[in-house]
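Participant: As a plain string of letters, each chain reads:
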Amino acid sequence: MKTNDRYEDTALRKVVTRQTEEKERATLSDNFANSVMQRIQHEQQIADIERLTVTGFTRYRKVAAVAAIALLVCGLSYAAWEYIIDSPQPPIENRKVSAEIPDGVVNFSNVRLDSILYRVGRTYDHAVRFNVEELREWRFQITWNPNKPLTEFVQLLNEFDGLDVAERNDTIDVSAKGGK
Amino acid sequence: MKKNNYNRRATTPDESKMIGRILGGHTEEFGVLVNRYAESVVRVVRRIVPSAEDAEDVAQDTFVAAFQDLKRFDSARASFKNWLLGIASHMALKRIQGSAAFSFVSIDQEQWGDMADAEVDEWLNDTSTHRLAQLDKAVKRLAPNDQLLLSFYYYDDLRLKEIAAIMNCTDSYLRSRLQWIRKKLCQTIKSLEEYEDQ
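Chains A and B, in that order, give the protein sequences.
Sequential numbering of the first sequence, starting at 4, is according to the working numbering.
Sequential numbering of the second sequence, starting at 16, is according to the working numbering.
It is worth saying that the hints were derived from the structure and are not from the lab.
The reader is advised that the hints may include incorrect statements.
Listed next, the in silico BS3-like pairs over lysine-lysine satisfying Cα-Cα at most 30 Å (straight line) [to be verified]: (1) B:Lys-109 with A:Lys-17; (2) A:Lys-17 with B:Lys-155; (3) A:Lys-17 with B:Lys-32; (4) B:Lys-176 with B:Lys-152; (5) B:Lys-152 with B:Lys-205; (6) A:Lys-26 with B:Lys-152; (7) B:Lys-152 with B:Lys-86.
Could you build all of it, start to finish, from the sequences and the hints given here?
Facilitator: Take a look at the structure:
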């Protein structure tokens, strides 16, 4: 039986209504919207870092490619020269491409400390705890090699004045040097 | 209980402007949309995900996914709310099924084709206590996506075109699906009656 091209189905409608109302009994936590917005901000920071990282990589790769081509051209020129002149030449040293960037190395450029540490913590499966909230906003220019142990990166961070970073029980603990 | 107040119009002008501003970098304005639709989203998710905690988790995932995909939102295809509910339904089904959402099984017309439409109408309009109890069991035996379709159709009174926009399929498919579900419910009731007679 249809009314206005819709099934009436009085009994089925009753059952569906009752079941839906039972299922829908839920209240949202008070800070739901805040939690969503915090997650969005966090995701954005990670996306920003990844974008910066990709840009950094591209730049380094371009430099490496140009250096490699330059070396190749120099090498070929030298070989041609040696062939034509046919005279012994001293061996050329340092022919290696200097800009060897291992895969996965991240160059943080003017990035907030909390963003850096969340990104790093995710890789090593560590939580991040700031004992001094202001430290979150400090910005750093630093390189991180995820292929190396976390302790190395922590040591590097501790070289900065006023910063005390420690790795304890799967947590990266951040304090002010000399503070709490 | 308050029903979802579905907006049958396209996205409101203020929402379109707001979405434009969010895409332009005013991300904090997304919080207004979260506040506006959080309840609707979590209620739809609860229809599929029984645990309140999981449902809230899925609702959060829905908004984060919506934010990340905001530039793909097309106000000509669906209202912002229905687009959001589509994401919520997919994520909720994915949470309970652990796989791609809306995997409707094929409609076996032959199996249910022998039931006359008049008979189906009669059964689904019979509000006797006994029949309602049987129908309650039969509906619970349906796949979650079929139950969701019924809730959109009978509880929210959405048009098939609107449900199609949420469930990302065509309204003609949903029309066939609905017919199939109605017949399947009657078939399940028949089986239950046979079982009770034994």
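Participant: Against each hint, give a clear statement of whether it holds in the structure.
Facilitator: Each hint, compared with the structure:
no., hint, in the structure
1, B:Lys-109 with A:Lys-17, "holds, 28 Å"
2, A:Lys-17 with B:Lys-155, "holds, 14 Å"
3, A:Lys-17 with B:Lys-32, "violated, 40 Å"
4, B:Lys-176 with B:Lys-152, "holds, 28 Å"
5, B:Lys-152 with B:Lys-205, "holds, 12 Å"
6, A:Lys-26 with B:Lys-152, "holds, 15 Å"
7, B:Lys-152 with B:Lys-86, "violated, 42 Å"
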